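Residue numbers (my numbering), protein chains in the order written: chain A, 1 to 479; chain B, 480 to 759; chain C, 760 to 933.
No incorrect hints appear here.
The calculated SDA-like cross-link candidates involving lysine to any residue, where the alpha carbons are at most 20 Å apart (straight line), are:
no.: 1; chain 1: C; residue 1: K896; chain 2: A; residue 2: I24
no.: 2; chain 1: A; residue 1: K444; chain 2: C; residue 2: E777
no.: 3; chain 1: B; residue 1: K543; chain 2: A; residue 2: Q393
no.: 4; chain 1: B; residue 1: K543; chain 2: A; residue 2: P394
no.: 5; chain 1: B; residue 1: K651; chain 2: A; residue 2: M126
no.: 6; chain 1: A; residue 1: K57; chain 2: B; residue 2: S633
Source of the hints: derived by calculation from the structure; they are not laboratory data. Since the structure is predicted, the reported quantities are computational estimates derived from the model, not experimental observations.
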Amino acid sequence: MGQVIQDKVIDENLEWSRINADVIASMQNPRRAYWVTFAVCVSMFLCAIAAEIYQYKMGLGSAGLNNPHMWDMYIATFVFWIGMSHAGTLLSAILHIIHAQWRKPIYRFAEAMTTFSLMTAGFFPMIHLGRVWNLYWVLPYVSDRGIWPNFRSPLVWDAFAISTYLSSSALFLFIGMIPDMAVLRDHTTGWRKKLYGILCLGWRGDDRQWRNFRRTYMLLACILIPLAISVHSIVSSDFAMSIMPGWHVTTFPPYFVAGALYSGCAAIMTLFVALRYFFRMEEYMTLNIMEKTTKLTFAIAMVWTYLNLIEFSATWYGHNMYDKELLIDKATGPYAAVFWTMIFCGMVVPFTLCFQKLRRHMPTMLVVSILLNLGMYVERWMIVAPTLAMSHQPHQWDVLWGTVIQWAIVFGSFGWFGLLFLVFVKLFPCVSMYEVKELCLHLKHEIHEEEQAKKHAAKAGATSSGGASPAGNPGLEGA
Amino acid sequence: MSLKNILDNFSYYRRDAEMGGHHEYEHRFGMAIDLDICTGCNACSTACYAENNLAVVGQERFAKNQAMHWLRVERYWDEIEGDYPEQGAKIIPMLCQQCGAATCEPVCPVAATYHTPDGLNAQVYNRCIGSRYCSNNCPFRVRYFNFWSYYEDSWPEPLNMQLNPDLSVRDKGVMEKCTFCIQRIRVAKDTSQREERPMKDGDFTTACAQACPTDAIVFGDTMDPNSRVSKAWAKHQIHRGPVTAKKDKADEEVRGYRVFDELNVDPSIMYLERVRDTEV
Amino acid sequence: MSNHRLLAMFKDFDDAFEVIDKIKGKALSSVHVDDVTMMSPIEHPDIDEVFEGRPSNIGYFSLMGAIFGVSFGFFFLSSAQASFLVQPQGGKPVIPLPTNFVLMYEMLIFFFVWTTVFTFIGMSGLLSRRGTLYSEKLTVDEIGLVVEVSDSDLDSVKNFFKENQALEIREEKV
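If we strip away everything but chain A, and leave its shape as in the complex, we get:
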């Protein structure tokens, strides 16, 4: 059997009408499990709303913050959600540019995950402010007092970068969905038909539209990659541009980007298993694709591990007393349990992805991906809290763990994300129909070419073996 046939990620003979039908079916009539999950997400979100109302009225002291712990779980969770958003960019944009065909059935929900992670992350800079109602002062607008935000501050860079990234990702998702909207417009009825008719902007599928579409998609993919890298570098600047020990580290931008790709890939694995189960998408989200995703995750896990270890080595070799003592305290002090959890989940657990049997076992992958994401969340918190706990001034050393209000809001952010995602999968196709059709066409061509090549090789072999028998005596032939 040829290599292409063995490795093929999807059955190339899938009927295109069946692709349409399967995906549209996933959007109809939710099962009971869907409503249960929906209810759980709503209740988590309501916990967060209640906690935030209390915190808004009483002040941030109710979140348990103090001097020195002026930032705690909110900023850690903010960085976590921004990081998770890089998955979609990785899958949609980076893999598109290198023509990795296996991304086609799964990039739609990854791209949706990007947009929703950013919408979740966007809450945290708002709620962690002391005076939330004046939030708009970080935006550059012409005010009657002639005052502008402070453009030197990394938090203002955050505002610019995240709004650029959110709008660009949403546009990228929307543009990518236009041909699918056309499919849905043609094959649904009622309010859905009207909705998709508006959203597909009159797409007709002629070659001029496809040509411009391909160009636009490639341009957006090309620009989204440096944008994603710059956004998470800017978020890391919140820490790297300060002078605090443990924060003032030059490797923070690549370290954060690697961590973001890592947690994003783990989240893709989680959603892959979930969607495959809920919507019975085994034909599209095949085990071969899962294998490729897990291999990618493993590669990124090793990059993250390297950057982490290199940061420790640089600290250990350096003579900066503050950084060195902080690192030793992280590993052996009050936060040691959390530190070692991070090391275990981030550096040891990915090795389960080296075993093919485990890679192809969906429940194991679900557990592994959740552990990886837990490790990444804990890593973000380990960046924020220990530095504040043990900074330059010994009189202000203090250990703080999260309080109920913080936990409720962080917990509720997962509910909000789940809510957005659940609504998305029922309104929009979580598998990109036109890309799966393109994948089938591409695979058909590749298999056909492989078979043609084999036939030619077989024919050439037959003729050469026929002509070679009298050449047993090369001397006679040559002369």
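Knowing the structure of chain A, use the given hints to seat chains B and C on it.
Okay, now just chains B and C, sitting in the frame of chain A:
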């Protein structure tokens, strides 16, 4: 208009502190705190509470490190042998160092903190949205955040009569810190302008310096060569700007230093090391 | 004077490409290959070889958007910083270039993206009506070829398509 402004003054706007900065200082207020004379009595801290409308947060919140003491008297212990182990105590009043190259200033997203022509680091309560980055970036940790609405129960009647009308009472969500009693500086400036004379040393002083029973805190203008504080700085060989020349340590009398001066933030407060009669 | 539009449906790309090759080979005197439009549920990777000489110019507009973004970013930031001198901070200059570069980069990307999107919508003829010839099977698996013909050539073109395995032919008056 602003395009012309940029083009005309571009090189001027590009100067940073090491190149001389881009505004001329009229005064540069500073302090000299003698740790040998300081007894740790906390009178300075109390005076600061009274002068600046600082809220008394209560025992529980103080223990949770949510206190509002702009000037805190820090106490460290060294283990010493001998008859008097209390001699191992080290007391240092820590307050905002009004750094010349403050790390808290550039990171505020809404520009609520900046450097005044008096050499002070000013905090604008009205502009602060409470992102708390400035406090995270302060190596001395001398910035305090209003975690609660303290005004609601810190000054029940008739205690609210004691509030200083020269400055505001802050609501929750706003960052605050020592201002070198800027309200007193304003009054002294206005008085000297009205009397048409320059400000001189001794016109006014901060609440903490005024209250100190041993006169350990000396406040003044380091740009005025006749002030007590600039004479103290000169004697102990501390200069403004980044740390450059090595000090002549042979003379035992030279015991001045600035906290965390390796961070190059140019603090305005010089501390004088405590003289000990035992080896610590 | 063209006054009919025809849509011929084919069962897959191979059939449609054969027809296009024949049209390129001047099988139809009234139709030139540059006037043929293909409608399909996906884009074929070889479409640029089949239809030569049809460029997409979105990239130029994107570049213009990016350049605008960078210069707008610089001038906007610098003028905001220069008009508010009261706030020197941290020993840093009034117009600090390193931090301005970061924001200029974001502005570059922001304007690049929005220019690209708006150019795409304009250039691909979305949001505009171009006749009502359409078939729902075009979003399933069939390929359509659209040509404009005059009354006199209508029947000959239709017969040509029927001979070349067209599954269905729709027409409308322009």
